[in-house]
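The listed protein sequences derive, respectively, from chains C, W, Z and D.
Anchor point for the first sequence: position 34 equals 34 in the numbering used here, and the numbering is continuous, going up by one each time.
Anchor point for the second sequence: position 232 equals 582 in the numbering used here, and the numbering is continuous, going up by one each time.
Anchor point for the third sequence: position 230 equals 930 in the numbering used here, and the numbering is continuous, going up by one each time.
Anchor point for the fourth sequence: position 4 equals 1054 in the numbering used here, and the numbering is continuous, going up by one each time.
Among the hints, erroneous ones may be present.
[To be verified] Once the Cα atoms are required to be at most 27 Å apart in a straight line, the calculated BS3-like pairs of lysine-lysine come out as:
#1 Z:K869 / Z:K790
#2 C:K346 / C:K132
#3 Z:K870 / D:K1213
#4 W:K520 / C:K254
#5 W:K574 / W:K519
#6 Z:K869 / D:K1220
#7 W:K604 / C:K170
#8 Z:K870 / D:K1220
#9 W:K520 / C:K169
#10 C:K4 / C:K346
#11 C:K170 / W:K513
#12 W:K604 / C:K163
#13 D:K1304 / Z:K869
#14 Z:K832 / Z:K704
Hints listed in this document are in silico derivations from the structure and should not be mistaken for laboratory results.
There are 4 protein chains.
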Amino acid sequence: MSEKIPVAVLGATGSVGQRFISLLDNHPWFEVVALAASDRSAGKPYTEACRWVLTDPMPAWAAEMVIVQPTPGQVEAKIVFSALPSGQAKDIEPAFARAGAAVCSNASAYRDEPDVPILFPEVTPELIHVIKDQRQKRGWSGSITTNSNCTSTGLSVALKPLKDAFGLKKVFVVSMQAVSGAGYPGVSSLDITDNVIPYIGGEEEKVEWEPRKILGELVNGEIKPADFLISAQTNRVHVTDGHMVCVNLELERKASPEEAIEVLRNYQAPQAARDLPSAPNPVIIVRDEPDRPQPRLDRSTGRGMATVVGRVRPDIILDLRFVVLSHNTIRGAAGGSLFNAELQVKENLL
Amino acid sequence: MSEKIPVAVLGATGSVGQRFISLLDNHPWFEVVALAASDRSAGKPYTEACRWVLTDPMPAWAAEMVIVQPTPGQVEAKIVFSALPSGQAKDIEPAFARAGAAVCSNASAYRDEPDVPILFPEVTPELIHVIKDQRQKRGWSGSITTNSNCTSTGLSVALKPLKDAFGLKKVFVVSMQAVSGAGYPGVSSLDITDNVIPYIGGEEEKVEWEPRKILGELVNGEIKPADFLISAQTNRVHVTDGHMVCVNLELERKASPEEAIEVLRNYQAPQAARDLPSAPNPVIIVRDEPDRPQPRLDRSTGRGMATVVGRVRPDIILDLRFVVLSHNTIRGAAGGSLFNAELQVKENLL
Amino acid sequence: MSEKIPVAVLGATGSVGQRFISLLDNHPWFEVVALAASDRSAGKPYTEACRWVLTDPMPAWAAEMVIVQPTPGQVEAKIVFSALPSGQAKDIEPAFARAGAAVCSNASAYRDEPDVPILFPEVTPELIHVIKDQRQKRGWSGSITTNSNCTSTGLSVALKPLKDAFGLKKVFVVSMQAVSGAGYPGVSSLDITDNVIPYIGGEEEKVEWEPRKILGELVNGEIKPADFLISAQTNRVHVTDGHMVCVNLELERKASPEEAIEVLRNYQAPQAARDLPSAPNPVIIVRDEPDRPQPRLDRSTGRGMATVVGRVRPDIILDLRFVVLSHNTIRGAAGGSLFNAELQVKENLL
Amino acid sequence: MSEKIPVAVLGATGSVGQRFISLLDNHPWFEVVALAASDRSAGKPYTEACRWVLTDPMPAWAAEMVIVQPTPGQVEAKIVFSALPSGQAKDIEPAFARAGAAVCSNASAYRDEPDVPILFPEVTPELIHVIKDQRQKRGWSGSITTNSNCTSTGLSVALKPLKDAFGLKKVFVVSMQAVSGAGYPGVSSLDITDNVIPYIGGEEEKVEWEPRKILGELVNGEIKPADFLISAQTNRVHVTDGHMVCVNLELERKASPEEAIEVLRNYQAPQAARDLPSAPNPVIIVRDEPDRPQPRLDRSTGRGMATVVGRVRPDIILDLRFVVLSHNTIRGAAGGSLFNAELQVKENLL
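Using the sequences and the hints given, assemble the complete structure.
Take a look at the structure:
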């Protein structure tokens, strides 16, 4: 164990924090040396401070760890996974970056900064190199890297090979999102039982912007977003895990569904991301059945790291339509951050 | 009671048949004189033959009625409400029309015929007059009138005032539909619990065509569909009743959300449909809250006959987007047929 | 309106408070003159301070009322309905009783006091007279009357005619309770979707004690509980409204299921409670179908005030077993308090 | 692979059949050589004939197998796992037993026969030896072994150590059962959403009898049931997998909850069953948290083969009460049959 890289989890008691701990259990490269959470939990053993909500059991090593405060003085780790609320992330994440840690964050606090990547190793690993500019500009020895909003996740991955092959012009998106996206306790059972809620605060703005940054390019030390347009409507449905998205697409060059399926199926992650421990392989699964993907049946594909596409068919108005599914608390949250950290290790950026 | 119009329900034991019986209980104009269903049920008292699934109790008068076979000889009624499966409707409905009955049907068997209206009294009551041509052409003394697929319902109503005021060019639709749309037993609990099913057989084709016919015009004895385009993606979600639809809209003339809300809110049904017993008033409710409509909270608005619109806002790519909700087994099925029958009474078309 | 009795609701913004307001809409005897809630809401119009969660719309008169603080100086009402949390009820309810109001409470704070009735007009209306002793003993001009825990409700009503006819010895109870019993937001969707929670804090103790007090008698100015035994196991299931209870029963005198059904069906409320506005009639419905009652189909029986019993059958070990259903937020909460207030009006106890 | 024991699955396309195939994937001792199902499916590749409903994917070897008819001539296997409906099992299972196969059945057709064991290797493996008498009496070279109704499963396992240590007199049982217990499509979503169904046809009779046979003893070539009494009430709740049971217990010798927990926790399967591939270890998990077990969190304990007990506490009327959970389609169905087959291999009874 002694040669593994020491890592910490900030916001360890919440639902994303728990997912970090579960995914870090037996990780081949990382060893958890600190669990941090807010004042109220600090000083307690993890098992006391945390209401564990995952179906996988709490790892024994985590149960006994005493929670510390989320400050660099309390946490000695090369990589810091942040599951903090955005308000807290605003101050705490830069403190760690300044102190030399590679912060891999789920929070949205820094996603909009042009020198902070929203990183997806399986589609645009080259964007990680913006952190060199980030360090220089901000005077940090560490860095902040983010993963996207959980609804942008599967969408961005599925759009990449289509953008490469045919060019993207317009993207219409309607999401049907799982309750776990709102954290725990999150959505009241009285609100979602026998119901759909056609609104998630701030979500549509993120979905209309983040995939463009994720699929952007590095120009003069900043990430320049791709220039297609996205229109998003986001809904909460009665599903525990797994965000579904219905997509209508206008391409720059016409493509048949068969051509689209071929580029999706043949898609390979760039070399840098291929052999990382969290890398899904294949990156994208295309289902042929007319009624797939479905959250309950397909969300765990590729240990929750794969993107599942289905119903690829011509659009009566634009070019193509399809459905895409991604596990919102694995690929769309904790698993995404791990993947980002692994890429930084491989690229010698710690 | 003797002066009420005698009516019958075909397919009386199924879930739509039950809804007909529930809505016809104490109807001011109609009196049920016959309940008809397939061979297996015929001869039994209704209460024995039917597994009642509505939360409103079975009316006492229905419980005791003995089920007859769905043939004109067995059923003496001026108006015949058909909740038959499409396969049976194909032969049985014309038999009643030939025998002089006004068939008001939920089945899709005749919806595509240019001389058979998909009738929505609150938006295009004038289309009922196509049945004069229908009678002449087919040699019937009665008629067949249909209501639309349950997903086209709220959508068509909401589009009417916008079409009148601004003109329609392109409509993108993603539906989130209730399980009751599949009848009873319909969707297995194992399929829909913690899940979304992104496919409903034949549904998208209907949603892309029916609203155009509903909003069409009567030309030379046939209904000519309106000439905008619809692209539909349909999904089954875990909701008992109430179909939600997310809409993106391109108009012929630009309109702000405020202008759209004003025409939706001020919309009045044409005079012919205003005072009918099943007429919703207002026809359209526009909710201002950011998170409405919701199926559980809003589906019963206007006794399930109103169309509820919300989240009217500009579209980043086209002109407008909004959400629309309609009760699929009331306005979208049995209630719609009753409304259609009432219009025929008022227009002296029996 | 001026001749109606002025009433107030304390804790008006919560889910039980909302139910009070909904049930008081158009009440024939009562007029709401004040809505009170905690500091944070006081001063705001009700529609602003309250997240309305009922499917019935908020009454227009309530929307505009400005919320006041829950103190006798702020609230001039003869009857005060309390939906306060138990902690706040402890101090606030006696303050109103001292100031002359008849407090009808949902809180458990005073349920255990021998001079405070847990009142069920349809079974033991005579217990209301303990408030004369309560006034004398405590020096109040008003009073506190409570209704029971929502799980004790249907159980107590169903046990009364059986106790009268056959005597009760032992009662085994296993409940399956709705999420609305935990208030709003209450139970997280992540906790109850695809799940059962076999524990509700403090509930079993209440269910083992309250029915005995409800079915007790007035002796020397105190309520003496009935002397049968109850063993309770309580569970939360995925139902919005309606608590189900499975009961096994040992009687003092043997009875067949047919005899039990007869006494349940023939049960009449005592004369004092029969014609009150909230009185269910019949008090108890016995269903003959093997699979009833069911929460979704039967909870609204008698506008949510009736007790529905089914599956009355012999027990292989004791004497009888059956299932009982009651609407937990109507008969088991706000509706029960209204009923209690109406009894006090009829008995001239204000 | 050539040294593995050839096995077949009858009723392979249904939900229990699918579970058999999933659990047999990579089984260390068994190799599936035939999949059999009714006339309609026979002749088709499995992947075509079967609507796969498990979240684990269909094994590749199964997808390509061509389904055969469920007759001994078509199926050459030493062990035959039967997921047939009881009606078909009545004739087909004896045909295989006569032909020399060890039939391990989920059907209830032969459970009541005194020479057919309801086998639970972790509690009463010795009962398998009744099949010697079965062979002799019936002139079979093979045998029929059954596993119990899925609700009796966890209950029987949890009762065994308590019976051994303290003796059992009376057992009150109320179940909350998952929808998968009714097969696929099984329970309609319209019946169970926001609902509880307090009735499952034939279930209570099974639960009152089967645990007594399971915990019985072999006397003169027949299984003599244990002589305690069970009273059962069975309910369907909105859970996909995992049957919960609330138990009240009267013992022959008093025991404290602590003593009961100790014997439950220390319970070891008899030597014969300990090292079988499907054996859970530990057999019984006792949870200390007040709100466990819960179906969603605990049903997969021990790969779905363990019995999870919680809330062990004194009963106010009898001696003890507790809650027990078992995975109804793994331990309670296909997994149980595999376990039974493994025991027969170990005991050289094929």
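The hints, checked one at a time:
1. Distance check on the hinted pair: Z:K869 and Z:K790 sit about 34 Å apart at the alpha-carbon level, beyond 27 Å; violated.
2. Distance hint between C:K346 and C:K132 is fulfilled; the C-alpha atoms sit about 15 Å from each other, no more than 27 Å.
3. Note on Z:K870 and D:K1213: the hinted pairing holds, with a Cα-Cα distance of about 24 Å set against a maximum of 27 Å.
4. A distance of roughly 19 Å separates the Cα atoms of W:K520 and C:K254; the hinted pair therefore holds under the 27 Å criterion.
5. Only pairs whose Cα atoms come within 27 Å are accepted, and W:K574 paired with W:K519 is accepted, the gap being roughly 16 Å.
6. The straight-line distance between the Cα atoms of Z:K869 and D:K1220 is roughly 17 Å, inside the 27 Å bound, and the hint therefore holds.
7. Between the alpha carbons of W:K604 and C:K170 the distance comes to roughly 19 Å, so the proposed pair stays at or under 27 Å and holds.
8. For the hint pairing Z:K870 with D:K1220, the CA-to-CA distance comes to about 14 Å; that is within 27 Å, so the pair holds.
9. A hinted pair counts as satisfied when its Cα atoms are at most 27 Å apart, and W:K520 with C:K169 qualifies at roughly 17 Å.
10. For the hint linking C:K4 to C:K346, the alpha-carbon distance of about 14 Å falls within 27 Å, and the restraint holds.
11. Straight-line distance between C-alpha atoms of C:K170 and W:K513 comes to about 24 Å, which keeps the hinted pair within the 27 Å bound.
12. A hinted pair counts as satisfied when its Cα atoms are at most 27 Å apart, and W:K604 with C:K163 does not qualify at roughly 30 Å.
13. With a C-alpha separation of about 21 Å, the suggested pairing of D:K1304 with Z:K869 holds against the 27 Å cut-off.
14. At most 27 Å may separate the alpha-carbon atoms for a hinted pair to count; Z:K832 and Z:K704 meet this at roughly 24 Å.
Violated hints, listed in ascending order, are 1 and 12; each of the other numbered hints is respected by the structure.
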